[in-house]
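Student: Same order as they appear, the protein sequences are chains C and U. The first sequence begins at 665 in our numbering and counts up one residue at a time. The second sequence begins at 665 in our numbering and counts up one residue at a time.
Everything labelled a hint here was simulated from the structure, so no lab data went into it. Think of the CB as a built atom: it goes at the ideal place given N, C-alpha and C, for glycine as much as any other residue. One or more of the hints may lead you astray.
Here are some chain U residues pointing at chain C (derived, C-beta under 8 Å) [said to hold, decoys possible]:
| no. | residue |
| --- | --- |
| 1 | R903 |
| 2 | T907 |
| 3 | Y915 |
| 4 | Y916 |
| 5 | P1018 |
| 6 | I1021 |
| 7 | A1025 |
There are 2 protein chains.
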Amino acid sequence: MTENLLSTYKKLMEKVKEIVILNSAQAIIQRDMETMMPPKAIGLRSQQLALLSQIDHKMTTDPQIETLLKSIEHHADYDSLDTVQKRNVYLIRKNYDEQTKLPEELVVEIAKQRAIAVDIWKKAKAAKKFLMFKPELEKLVELQKKAAEILMKVKKTKTPYDAAIDFFEPKMTSEEITRVFNELRAGLVSVLRKCEAAPRQPDVSVLKHKVPLDVQRKIAIALAEAVEYDVTSKNSGGRIDETEHPFTNGYYDDVRITTHYYEDLFASSVFSVLHEAGHALYEQNLKPEWMYQPVGTGCSSGFHESQSRTVENIIGRSHEFWAYFLPKLKGIAGSTLSNLNLDKFVHAINQVKPSKIRVEADEVTYGVHIIIRFNIERDLFADKITVKELPEIWNQCYKDYLGMKIENDSEGVMQDTHWASGYYGYFPSYALGNIYSGQLLAAMQKDLPSWRTQLEKGNFKNIRQWMSKNVHQQGNLYDPPALIKKITGKEITVKPYLDYLETKYSKLYGF
Amino acid sequence: MTENLLSTYKKLMEKVKEIVILNSAQAIIQRDMETMMPPKAIGLRSQQLALLSQIDHKMTTDPQIETLLKSIEHHADYDSLDTVQKRNVYLIRKNYDEQTKLPEELVVEIAKQRAIAVDIWKKAKAAKKFLMFKPELEKLVELQKKAAEILMKVKKTKTPYDAAIDFFEPKMTSEEITRVFNELRAGLVSVLRKCEAAPRQPDVSVLKHKVPLDVQRKIAIALAEAVEYDVTSKNSGGRIDETEHPFTNGYYDDVRITTHYYEDLFASSVFSVLHEAGHALYEQNLKPEWMYQPVGTGCSSGFHESQSRTVENIIGRSHEFWAYFLPKLKGIAGSTLSNLNLDKFVHAINQVKPSKIRVEADEVTYGVHIIIRFNIERDLFADKITVKELPEIWNQCYKDYLGMKIENDSEGVMQDTHWASGYYGYFPSYALGNIYSGQLLAAMQKDLPSWRTQLEKGNFKNIRQWMSKNVHQQGNLYDPPALIKKITGKEITVKPYLDYLETKYSKLYGF
């Protein structure tokens, strides 16, 4: 590499570093808004987010980035760049092209509208009135569609919705997702039917013990630490806050999760903590030397979900994990939970039963919740349906697919924060994550055949390290299709995930 | 006013509005650092603060501001601007001149060094080792001096330290402070001696009851609301978090305070909450129409302290307030505090006794703590003493002035966050605040002679409204000397404050 190319590359990376730092600052303000902010501050907060978004847009679309990029891309020695450097250049180019095609006013308007929509969504959900939420959601969807239409041309995707998906799952299309999801749905329904017909059914009354909130907070910390997400040590880089809808937010040394605590449903916080801890482990275990570089992020939302799903379900709902953790749980909770039987508890937390709420859904029916949302988003962006029709369509889908009667929009179309927050094209990631997690499990099984015995002894270290080496430390060096192939040798396929479900649930339900 | 002048003024105010919004975003990140941040994040956080400080500096020193300012200042119709508009222009000019003389690198370096110094200060304080803190403090003091020397020329102050003071108390000088503080010290010592010699002494054992932290948290909320700082209502603009050193942070609709809870010293959180609530009331009751304008802030740190001191001491340590609030306190605390006697309690919370810790000091000796710090800062900036000598000088002053033997630097020179956080020239504000509070009290007494009876009935509204009208709603329309004269008709004078102390303590101690 000549001195000239290297110094241009360094200049480019310095500029990008500033953007990364700004984004991490925006994340703090976003997180504060969700976890700590007094309600009256919403107007001021939306101005703050809009301004930072405007500064971000200005920095991201600085013509000097184009100049530096061009100088690198057309340099005679371009091939002397290593894989990581080339990937950084590719990712900066991709983002630059996407960002420069979006008018700054549109970006600012979307940021403002997101803040307003989230605020109204909270109030509308509390009031169970979709009509309160509708006008702001309509405005937001229109703005997001406008952006997606512009980006469709830049990203050269088939549809605007594909451009939205590409943000979260690069190189993935709604066509391919439709295909994979159809296969997934058939498999899930097959397992569901077998569970329903099985003679051995779980007794979920064991989950109904009242557990005081401060005890649940202690359980949350112990759980996080059992899966190596450190929230209490002297040099911890994490913490657990409380929001209705749990999320993970942060970057490298400052990665925080949230959960909710319900006194009469302690399992709800248990699994949301495990889920978010899986996300947090991904961010915390990225390569330190890639900090502030585009390669220093997760590969995709789907891969992120593969990590949260692995920790929540494959690890966190396994017999082995609870053989280790149940005595700990009893130690923290005291007499309240002292009668919990391991086998009964593990069956109860793996109950398969169609439900209304996605985040409370079981591992088997979960995918169906996602498929409903995916279909709606796809049709909404294709102007086949309107925002006004959402509650009706939602309720019909839940009736048709899961046999559930939705009583009000808070337990229906308004249950998730995603659409208010402007996350369109994100939902498919959850089910793609499940699919990837099955493929990763099969690969880990080969490298670490004793993982289940280790887990039973409370040794999560080797499992975490396998994930870190194969997933976390790969950062954003590959697009999802390339990464899954690199790790497992195969394209995306639902078989390992369906096999995992079949094995697990046949054992639990005895079919 | 011609159309042209008005449109230039509007352009200027639009630019300033962006800076104000950015500053309020920086405050959120600062607050998160103090209250919520996991320890590992400090490196990333210092980069975030440095970047935002850099962006702030760039916006603040944008040559377009100079162009707009000049165009307004030299406009033929300048006199058609109203008082508020002229004050905005004056404040923008003042800030612009100060900021443009400071090199951007110095500003960034100071921001970074502050973050590092605060972090080390926390660790050094925990370890009781000033030597850990010393090198980072030395670097920070050098940087701050460098800035003060530059600003001395811009502000045309006599000394660099006067330039530092001017940030917090415009138009105030160390010469004048020395004069007023000498008078204050004589008065304080006189009251102190009388208290010490008096036959009626307080029984502070009534404050030693153990009060569980969650009970103290409830008391804190009730106290805040008793003085009209709303932290729980549906549209509240406040909240109470926890830090070792309490502070108030925020802007208009998002003003939050912090406190600390010690199980065996519940009065400590009681008075820190009242103190910070006084600051919060100031910010919350600024004129809404002045939001995002330079006039839409408090007048000075000293005036801010006058508000916190009024709520903490004049209101919060009065017999009348506790006649109302003690039954409430008992209701929250239950059996623990049921035997508290009103008179004994009020005397106990007004015990006059020299102590080592400023924030735990009584109303009478408090000023002496400030005078020690003021003298040290003044001499440090005049190169009469060095950072290395601070512990020795500190300990000597505490021995000479208060008769206290300092055992280690955590209870000595490292007790406050100010010097680590870069607040030089701030300390005098605390005692100036006391002085102003005495003058304000005398003025309020004339307008609202029944304030004590109202307070006894739990009616704080009229007192708060008097303060809002006379202080809060004046915003930053006047410099402190002009404001105190406008409200009280007099220049700064210690007499009303000393009279207040004399009357109050002669009654309590019976001298």
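Student: None of the hints should be skipped; say for each whether it holds.
Tutor: Taking the hints in turn, this is what the structure says about them:
1. R903: 5 Å, holds
2. T907: 14 Å, violated
3. Y915: 7 Å, holds
4. Y916: Result: holds, 7 Å to nearest chain C Cβ.
5. P1018: 36 Å, violated
6. I1021: Nearest chain C Cβ about 25 Å off; hint violated.
7. A1025: 31 Å, violated
Violated hints, in rising order: 2, 5, 6, 7; the structure is consistent with all others.
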